[in-house]
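Chemist: Here is what each chain is made of, one letter per residue.
Number of protein chains: 2
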Amino acid sequence: MTSQTTDQGLQLRSLVKASGELEVSLQPTPTVEPGPDDIVVRIEATPINPSDIGLLFGPADLGSIRSSGSDDTPAVTADVPPRAMTMLAARVDQALPVGNEGAGTVVRAGASPQAQALIGRRVAILGGAMYAEYRTVKAADALPLPDDATAADGASCFVNPLTALGMVETMRREGHTALVHTAAASNLGQMLNRICLKDAIALVNVVRSDKQAKLLADAGAKHVVNSTSPGFMADLIAALTETGATIAFDATGGGRLASQLLTAMEAAAVARMTTYSRYGSDTFKQVYIYGGLDVSPTELTRSFGFSWALGGWLLTPFLQKIGAEEAGRLRQRVVSELKTTFASHYTREISLRDVLKPDVIKAYTRRATGEKYLINPTLP
Amino acid sequence: MTSQTTDQGLQLRSLVKASGELEVSLQPTPTVEPGPDDIVVRIEATPINPSDIGLLFGPADLGSIRSSGSDDTPAVTADVPPRAMTMLAARVDQALPVGNEGAGTVVRAGASPQAQALIGRRVAILGGAMYAEYRTVKAADALPLPDDATAADGASCFVNPLTALGMVETMRREGHTALVHTAAASNLGQMLNRICLKDAIALVNVVRSDKQAKLLADAGAKHVVNSTSPGFMADLIAALTETGATIAFDATGGGRLASQLLTAMEAAAVARMTTYSRYGSDTFKQVYIYGGLDVSPTELTRSFGFSWALGGWLLTPFLQKIGAEEAGRLRQRVVSELKTTFASHYTREISLRDVLKPDVIKAYTRRATGEKYLINPTLP
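Chains A and E, in that order, give the protein sequences. Number 218 in the numbering used here belongs to position 203 of the first sequence; there are no gaps in the numbering. Number 231 in the numbering used here belongs to position 216 of the second sequence; there are no gaps in the numbering.
Calculated from the structure, these hints are not laboratory results. Don't take each hint at face value.
As the list claims (entries may be wrong) - In silico DMTMM-like links for lysine to aspartate or glutamate, alpha-carbon gap of 20 Å or less:
hint	chain 1	residue 1	chain 2	residue 2
1	A	Lys229	A	Glu386
2	E	Lys336	E	Asp163
3	E	Lys336	A	Asp168
4	A	Lys336	E	Glu364
5	A	Lys336	E	Glu386
6	A	Lys354	A	Asp87
7	E	Lys336	A	Glu386
Claimed, not checked - Calculated Cβ distances over 10 Å to all of chain E for the following chain A residues:
hint	residue
8	Gly73
9	Arg81
10	Ser85
11	Arg106
12	Gln109
13	Thr151
14	Asp162
15	Asp225
16	Phe247
17	Val285
18	Asp297
19	Arg317
20	Ser318
21	Glu352
22	Arg368
Where is the CB? At the ideal position from N, CA and C, for every residue including glycine.
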């Protein structure tokens with residue numbers, strides 16, 4: 016059941032040194048021996064998501080990146096600003112594996128029938144350390160892909176699809192009937208737009224350029240507002256009045272956008288009121304911050320009464336909260352609509368060694384809308 | 016059952032005119048005729064709470080206040096900044112009555128036995144329009160006071176006591192075991208401190224001066240931190256580590272205080288973690304803003320992971336949420352501990368006419384810690 020070639024493989028690791036340097040390197044790493052219920056997956060496709068970039072480079076100064084290491088163990092090094100080091104205390108001197116999700120072929124398996132049944136199957140998996148040639152996981156955690164799906168098709172089965180479905184599910188569970196999404200032209204945003212069109216849920220897409228607005232309109236989006244337009248607040252209030260959306264998911268985090276969303280929701284609610292209250296409307300307004308594209312502080316003008324909440328939202332705690340059965344239902348929907356609703360498009364496929372090339376790093380850390388990189392660890 | 020003298024009385028009203036002026040005046044107003052289940056209360060004591068000042072003067076420029084009206088109907092006028100007028104659209108040209116709560120003697124009653132039983136009793140009442148000589152309310156909504164309680168003792172039975180009890184109750188219902196309070200030397204803060212001492216709940220009191228710190232320490236407070244001290248963050252983290260408080264009620268609203276509270280809670284939580292997560296701790300941290308002493312924008316540095324929430328908190332929706340029975344239990348506790356836990360102290364007792372004197376307005380709108388004004392409408 017074991018094969019010489021799968022016993023070890025290259026693995027990408029991110030190390031913050033006490034000296035204030037961050038080093039990302041490719042390390043030959045022994046493959047974790049599968050237990051009876053485990054499988055070993057040869058990773059063939061794993062995407063670079065914003066959350067992966069966060070773990071890869073943390074708050075390091077990307078302008079200071081230089082090649083380091085050797086041909087055998089290639090590496091890059093960057094400087095971490097001193098004030099950021101205190102936040103990283105818990106990860107200093109640990110070479111952390113990276114990569115949230117991926118897909119590949121099951122090349123070995125433990126003795127249990129469930130694990131054995133997966134040998135040779137293409138599966139999608141989640142759980143970190145995917146930027147590697149091999150990854151050992153529980154057979155029960157693998158999502159077998161349809162026969163016609165490539166590894167690239169299945170590489171992004173979890174993070175974006177479950178986040179987009181999680182937003183819709185959170186909207187329903189918390190009693191809202193329509194939602195707002197910012198950075199709406201992102202890969203995730205386009206996916207959310209397709210879910211909402213399919214499920215007939217009103218979605219207000221907030222974008223940052225006319226080009227992004229056109230992209231979404233061409234994809235059938237009904238409500239698109241441009242936050243850089245002079246008529247932004249009026250357009251937003253009109254869209255919120257029409258849709259009744261009282262929950263928003265904000266990928267930017269910083270600046271005044273969350274405050275503008277709450278203010279516009281309140282304006283739409285106050286317009287429906289018949290009596291004055293100096294505490295504002297009693298319509299409950301929720302904004303969840305799930306990303307940090309804008310690292311500046313969040314600024315709230317509090318011009319939206321007292322019936323509001325702002326909070327952080329993350330996929331993993333959400334999945335824990337809804338429980339295994341419900342999470343399984345969402346996963347199954349992703350597989351069923353893998354090539355339609357949940358299709359991901361990649362700008363470029365790169366090797367593990369490419370991940371460490373300064374010019375490639377510059378490209379994939381830019382996080383430009385519509386650009387997404389896929390790592391294929393089987394490439395030389 | 017009717018008495019000539021109670022048929023009408025003076026009532027204080029706040030009017031925003033479309034011209035951009037705010038006028039507060041004393042108007043002879045017919046007493047609302049009691050229905051079978053109603054009582055008419057002669058108001059003898061009604062406090063000036065921050066929320067009352069908000070309705071009385073809204074965003075008017077207090078520097079522009081001048082006397083207006085006549086001897087018969089005295090009034091003051093102030094200018095409203097043009098940019099604030101849009102927020103006030105719903106109250107323009109309505110002379111709104113003011114005064115959240117008060118106490119007095121039942122002078123008339125409807126025919127029902129329940130209402131009749133209250134004639135001659137001293138009661139505390141809630142529900143607006145208390146800055147008046149007479150107020151008609153449902154008998155069921157009145158809180159009969161103990162025989163040894165004066166109207167002044169019972170005047171502040173609702174807003175501060177129920178807000179303080181509501182904070183403790185919210186802490187319990189949302190799964191926290193200790194709490195933080197800002198502007199902790201306020202009348203409300205001192206009350207909350209007494210509740211927490213009596214109920215053995217750990218409370219972190221955040222104050223803005225050494226004098227306020229001493230006031231609370233003298234009242235038995237165990238954890239007092241001064242936000243103007245250079246060691247504030249270290250002191251706060253130490254107090255949060257010791258108490259395990261993960262919920263805070265913030266009266267200031269603006270600036271960085273809410274952000275500092277969340278950051279310090281996260282620091283205390285991260286210190287307990289054994290593995291690094293770039294998403295921060297999974298300890299849920301809650302800050303509720305219940306006031307706006309600092310009108311500047313709220314600024315969040317988001318240096319506290321993703322497991323957090325910030326929201327508005329108000330007494331009325333809280334009471335609606337917990338239901339009539341539970342709210343009744345809280346009210347009963349207030350009456351039982353009226354002269355101890357829930358005792359209020361007043362700086363000065365003034366008449367309805369005094370409320371309209373510019374120098375008195377300057378004094379009661381200052382909102383200085385420890386200063387609280389009581390209106391006695393029976394004074395000439």
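Chemist: Are the hints correct? Go through all of them and say.
Modeler: Checked hints:
Distance check on the hinted pair: Lys229/A and Glu386/A sit about 17 Å apart at the alpha-carbon level, within 20 Å; holds. For the suggested pair Lys336/E and Asp163/E, the alpha carbons sit about 33 Å apart, so the restraint of at most 20 Å is broken. For the proposed pair Lys336/E and Asp168/A, the alpha carbon gap of about 47 Å is over 20 Å, so the pair is violated. The straight-line distance between the Cα atoms of Lys336/A and Glu364/E is roughly 54 Å, outside the 20 Å bound, and the hint therefore fails.
For a cut-off of 20 Å, the pair hint linking Lys336/A to Glu386/E is broken: about 47 Å separates their Cα positions. With a C-alpha separation of about 38 Å, the suggested pair Lys354/A and Asp87/A falls outside the 20 Å cut-off, and the hint is violated. Of the supplied pair hints, the one linking Lys336/E and Glu386/A is violated, its CA atoms being roughly 47 Å apart against a limit of 20 Å. Listed as a non-interface residue, Gly73/A fails to keep its Cβ farther than 10 Å from every Cβ of chain E; the least gap is roughly 7 Å.
For Arg81/A, the non-interface assignment is confirmed: its Cβ lies about 23 Å from the closest Cβ of chain E, beyond the 10 Å cut-off. The Cβ of Ser85/A sits about 27 Å from the closest Cβ of chain E, beyond the 10 Å cut-off, so the non-interface label holds. Non-interface status of Arg106/A relative to chain E is broken: a Cβ of that chain comes within 10 Å, the nearest being about 4 Å off. A Cβ of chain E approaches the Cβ of Gln109/A within 10 Å, the least distance being about 7 Å, so the stated non-interface status is violated.
Even its closest Cβ contact with chain E, about 19 Å, leaves Thr151/A beyond 10 Å, as expected for a residue assigned away from the interface. Consistency note on Asp162/A: stated as away from chain E, and its beta-carbon is indeed over 10 Å from all of that chain's, at 36 Å minimum. A cut-off of 10 Å between C-beta atoms confirms that Asp225/A is not in contact with chain E; the least separation is 29 Å. No beta-carbon of chain E is positioned within 10 Å of the beta-carbon of Phe247/A; the least distance is around 17 Å.
At roughly 7 Å from the closest C-beta of chain E, the C-beta of Val285/A falls inside 10 Å, breaking its exclusion from the interface. Against chain E, the non-interface label of Asp297/A is violated: not every CB pair exceeds 10 Å, the least being about 7 Å. Not every beta carbon of chain E lies more than 10 Å from that of Arg317/A, the smallest distance being close to 6 Å; the non-interface claim is violated. Consistency note on Ser318/A: stated as away from chain E, yet its beta-carbon is not over 10 Å from all of that chain's, at 7 Å minimum.
Distance check on Glu352/A: its Cβ is at least 27 Å (rounded) from any Cβ of chain E, clearing the 10 Å threshold; non-interface status holds. Every CB of chain E lies more than 10 Å from the CB of Arg368/A, the least distance being 24 Å, so the non-interface label holds.
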